[in-house]
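The residues making up each chain are set out below.
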Amino acid sequence: MDCKQFENNILDYLDGSLAEAEKQRFKAHLQSCASCQAELEAQQKLMTLFGQVPQETPSDRLRDGFLDMLAEEQQAQVVHMAHKKEFPWKTAFQIAASIALVMGGFFLGGLRSGDTSQEQISALQQESKVLKQQMMLALMENRSPSKRIQAVNYTEEIAQPDATLIKALADRLLYDANSNVRLAAAEALGNFKSSQQARAALIEALNTEKDPSLQIELIGILVRLQEKRALEPMKKLLETQETPIYVKEQLNNGITQLI
Amino acid sequence: MQTRSDEDIMMAVAQGELQLMAELFERYHKRIYNFLLQMVGDRAVCEDLTQNVFYKAIKYKHSYRGGKFVSWIFRIARNNLADHFEKQKRLNQNIDVEALGERPESVQAPNEEVAHLYQVMERLDVAEKELIIMHRLQGISYEDIAEMTGSTAGAVKVKAHRVVKKLRKIYFESA
Ligand SMILES: [Zn+2]
Numbered sequence: 608m609d610c611k612q613f614e615n616n617i618l619d620y621l622d623g624s625l626a627e628a629e630k631q632r633f634k635a636h637l638q639s640c641a642s643c644q645a646e647l648e649a650q651q652k653l654m655t656l657f658g659q660v661p662q663e664t665p666s667d668r669l670r671d672g673f674l675d676m677l678a679e680e681q682q683a684q685v686v687h688m689a690h691k692k693e694f695p696w697k698t699a700f701q702i703a704a705s706i707a708l709v710m711g712g713f714f715l716g717g718l719r720s721g722d723t724s725q726e727q728i729s730a731l732q733q734e735s736k737v738l739k740q741q742m743m744l745a746l747m748e749n750r751s752p753s754k755r756i757q758a759v760n761y762t763e764e765i766a767q768p769d770a771t772l773i774k775a776l777a778d779r780l781l782y783d784a785n786s787n788v789r790l791a792a793a794e795a796l797g798n799f800k801s802s803q804q805a806r807a808a809l810i811e812a813l814n815t816e817k818d819p820s821l822q823i824e825l826i827g828i829l830v831r832l833q834e835k836r837a838l839e840p841m842k843k844l845l846e847t848q849e850t851p852i853y854v855k856e857q858l859n860n861g862i863t864q865l866i
Numbered sequence: 002m003q004t005r006s007d008e009d010i011m012m013a014v015a016q017g018e019l020q021l022m023a024e025l026f027e028r029y030h031k032r033i034y035n036f037l038l039q040m041v042g043d044r045a046v047c048e049d050l051t052q053n054v055f056y057k058a059i060k061y062k063h064s065y066r067g068g069k070f071v072s073w074i075f076r077i078a079r080n081n082l083a084d085h086f087e088k089q090k091r092l093n094q095n096i097d098v099e100a101l102g103e104r105p106e107s108v109q110a111p112n113e114e115v116a117h118l119y120q121v122m123e124r125l126d127v128a129e130k131e132l133i134i135m136h137r138l139q140g141i142s143y144e145d146i147a148e149m150t151g152s153t154a155g156a157v158k159v160k161a162h163r164v165v166k167k168l169r170k171i172y173f174e175s176a
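Line by line, the protein sequences are chains C and F. With the first sequence counted from 1, adding 607 to any position gets you my numbering. With the second sequence counted from 1, adding 1 to any position gets you my numbering.
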């Protein structure tokens with residue numbers, strides 16, 4: 608073993624990860640070379656110093672803050688699930704269904720045309736859809752961010768969103784002051800794969816959004832949608848000096864999946 | 002009794018058992034806090050950053066896909082740290098650097114040699130310093146760092162060895 612090889616093996620020797628045969632040759636060189644002895648001692652000294660760097664205990668403020676935050680998140684989760692369960696349109700559908708039963712009975716008794724009652728049922732369903740949407744739109748303007756997030760999350764259950772609803776989500780994504788609301792809106796819009804309006808809002812957000820976590824989320828969504836029109840804003844973001852390195856990594860990664 | 006693995010617990014958190022995050026907080030907050038403190042040197046700032054790491058871990062719990070938990074949570078910590086440095090940089094452009102003065106509650110070294118080590122570490126670039134702190138001071142394995150940074154254990158090891166050697170040279174040449 609020469610001095611160069613010795614040098615390369617110092618850390619493995621001290622970390623105990625040198626194979627037995629190598630270790631013997633390492634020790635043999637050590638016996639015969641003063642300058643390598645000095646290098647080894649220097650490295651040992653450095654390792655000792657690493658061990659002397661204090662590992663501090665943070666103040667109680669950290670744990671208290673964490674526990675408060677956790678309690679809040681749990682609360683929000685409970686509220687979200689309860690709302691999902693009790694949302695009035697479910698009740699509205701139940702009412703519609705029971706009316707349908709009554710009408711069905713009427714139909715059998717009166718021997719009337721099946722088409723008429725079917726039309727009435729869909730009219731009722733249509734009404735409850737309108738009701739559901741109005742409630743959601745109102746909730747989206749609520750002062751509390753967690754209420755707005757709830758409203759945004761409700762839209763998950765809508766298969767065919769109309770322009771008004773997409774517009775409301777786009778407004779949340781582009782103009783809401785709270786980044787968690789914007790995040791929820793981005794995710795909701797990303798679910799409406801076939802809506803050009805939703806895609807356009809996501810692309811516009813990538814042009815304007817300054818929060819790196821949201822930038823990452825938007826890139827992920829647009830790549831998943833295979834949205835080629837996102838390439839331009841992605842390139843722009845990549846060339847912007849203030850864009851954090853890890854966002855740039857995500858951008859490079861995304862661009863290679865789109866081109 | 003067998004201890005439940007970090008990964009097992011985090012999967013349950015991702016599926017909605019948020020209260021289990023308290024256990025992961027107990028296991029990791031000190032390491033994350035010290036990693037950040039050794040990078041930044043300001044206790045109050047690092048407590049806030051640490052709390053934010055766990056906040057994001059809860060918010061983005063669905064992005065956890067079952068890899069090594071230590072790699073996942075430290076990836077969040079590193080992203081937070083990069084955000085912090087970015088904000089600092091923007092702030093410093095607007096404020097007269099002279100007016101900043103000493104950092105508040107800055108960490109003092111226990112002895113002169115460690116103080117010298119701190120000074121020498123400032124001469125590494127951020128990525129080098131981060132690597133040394135993660136591996137040598139927080140005991141994160143090459144494998145786990147590789148998973149965190151999207152590299153391979155071999156490549157991380159080569160880089161870490163190179164940085165330690167560089168640190169050793171600077172330390173003893175400037176002693
Ligand atoms: Zn030698």
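The hints are simulated quantities; they were obtained by calculation from the structure and are not laboratory data. Keep in mind that a hint or two might mislead.
[What the hints assert, rightly or not] To be clear about the criterion: a stretch of chain F counts as covered by chain C if any three or more of its residues have a C-beta under 8 Å from a C-beta of chain C, and this derived list gives those stretches:
no., stretch
1, 8-17
2, 20-26
3, 36-47
4, 80-90
5, 141-147
6, 162-175
[Said to hold, decoys possible] Just a sample of chain F residues kept apart from chain C, beta carbon distances all over 10 Å, derived:
no., residue
7, T4
8, G67
9, Q120
10, D126
11, L138
12, G155
13, A156
[To be verified] If you want the ones that stay clear, here's a sample from chain F, every Cβ over 10 Å from chain C, calculated:
no., residue
14, T51
15, I59
16, K60
17, Y61
We treat Cβ as the ideally placed atom computed from N, Cα and C, and that holds for glycine.
Exercise. Per the coverage rule (Cβ-Cβ under 8 Å, at least three residues), is the stretch 162-175 of chain F covered by chain C?
Worked result: holds (count 7)
Exercise. Has the stretch 141-147 of chain F got at least three residues whose CB is nearer than 8 Å to a CB belonging to chain C?
Worked result: violated (count 0)
For this session: Check the non-interface label on F/T51: least C-beta distance to chain C beyond 10 Å or not.
Result: At roughly 6 Å from the nearest Cβ of chain C, F/T51 sits no farther out than 10 Å, so the non-interface label is violated.
Exercise. Per the stated criterion, does the least C-beta distance between F/G67 and chain C lie above 10 Å, as a non-interface residue requires?
Worked result: Non-interface label on F/G67 holds, nearest chain C Cβ at 18 Å vs cutoff 10 Å.
Exercise. Taking a Cβ-Cβ distance under 8 Å as contact, does the stretch 8-17 of chain F have three or more residues in contact with chain C?
Worked result: Three-residue rule not met by the stretch 8-17 of chain F, so violated; n is 1.
For this session: Run the C-beta distances from F/L138 to all of chain C and say if the shortest one exceeds 10 Å.
Result: Non-interface label on F/L138 violated, nearest chain C Cβ at 6 Å vs cutoff 10 Å.
For this session: With a C-beta cutoff of 8 Å, work out whether three or more residues of the stretch 36-47 of chain F approach chain C closely enough for the coverage to hold.
Result: holds (count 4)
For this session: Would you check whether the claim that F/T4 is not at the interface survives, using Cβ distances to chain C and the 10 Å cut-off?
Result: holds (21 Å)
Problem set entry | Minimum Cβ distance from F/Q120 to chain C greater than 10 Å, as the annotation requires | holds (12 Å)
Problem set entry | 10 Å cut-off, C-beta based - F/K60 kept clear of every residue in chain C | Check fails; 7 Å does not lie beyond 10 Å.
Exercise. Are at least 3 residues of the stretch 80-90 of chain F within less than 8 Å of chain C when you compare beta carbons?
Worked result: holds (count 4)
For this session: Count residues of the stretch 20-26 of chain F with a Cβ under 8 Å from any Cβ of chain C, then say if the count reaches three.
Result: holds (count 4)
Comparing the model with each numbered hint stated earlier shows that hints 1, 5, 11, 14, 15, 16, 17 do not hold.
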